[in-house]
Amino acid sequence: MSYYDLNAMEARIIGCLIEKSITTPEQYPLSLNALVNACNQKSSREPVVNYSEFDVQDTVDALVERALITEVTLGSRVAKYQHRFCNTEFSDLQFSEGETAIVCLQLLRGAQTPGELRSRSGRLHSFSNLPEVEQALANLKEMTGGPFIEMLPREPGKRERRFQSTLCLEREAIDATLVDEDNSNAPTDAAYSSTRPSLNDAIKRIDELEAKLAELTQRLETLEQTDQL
1363 MSYYDLNAME ARIIGCLIEK SITTPEQYPL SLNALVNACN QKSSREPVVN YSEFDVQDTV
1423 DALVERALIT EVTLGSRVAK YQHRFCNTEF SDLQFSEGET AIVCLQLLRG AQTPGELRSR
1483 SGRLHSFSNL PEVEQALANL KEMTGGPFIE MLPREPGKRE RRFQSTLCLE REAIDATLVD
1543 EDNSNAPTDA AYSSTRPSLN DAIKRIDELE AKLAELTQRL ETLEQTDQL
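In this text, residue positions in the sequence shown follow the numbering used here: the first is 1363, and each later residue adds one.
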């Protein structure tokens, strides 16, 4: 297990802290209550969760012990929390603004396509075009200490493939037989279509079932007539 590996709740908490440090710096660091609300908000989160304050506090304490989060007071009696996960003097993970946006989005929303990452990243970082997103993804894959990103097999009927963070332990499994380094074995729409039964085969199968049903019905009627005799 890597020092930076996160379970689902840890990923949500770290993602929220990264997000709020960028989008609402005037309200950052976050109190426990603000962090719970950020984790449970219904927008920009997949899946939507309902973490209790107790569960979030327990997970935050574990992250503080791992030095991935630090507690600060800033003259207030209310404890507040900020991440030390990336882009700080305490972290080995140093990402560009675009790379940070992708990491944050994936901690908050899981696997996404480049198009989804671009459309959802506006408040975190403004990508000028899709190739810029793809370059950031390539950087995360090739970065020292990584890869911090991996490509999932193309879903049937979908044009874009999804990418997911390798930082979250509870991520979708990848079938190694479907994806290789060059993606040459990724299933195509044509390959998917070839595995489905043709219309003629389906009709033939229905005809066979109907014939068997008619035969069974005839036998049942014959048995009933015999019993009546």
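Careful, some of the hints might be misleading.
Unchecked claim - Label pairs and their computed distance ranges (CB to CB):
# : residue 1 : residue 2 : range
1 : Ala1573   : Leu1531   : 27 to 35 angstroms
2 : Asp1423   : Gly1484   : 30 to 38 angstroms
3 : Gly1519   : Arg1581   : 18 to 26 angstroms
4 : Pro1518   : Asp1423   : 39 to 47 angstroms
It is worth saying that the hints were derived from the structure and are not from the lab.
Values in this document were obtained by computation on a predicted structure and should not be read as measured data.
All residues carry an ideal CB built from backbone N, CA and C; glycine is no exception.
Let me make sure I understand: some of the numbered hints might not hold for this structure. Which ones are they, in numerical order? 1 and 3
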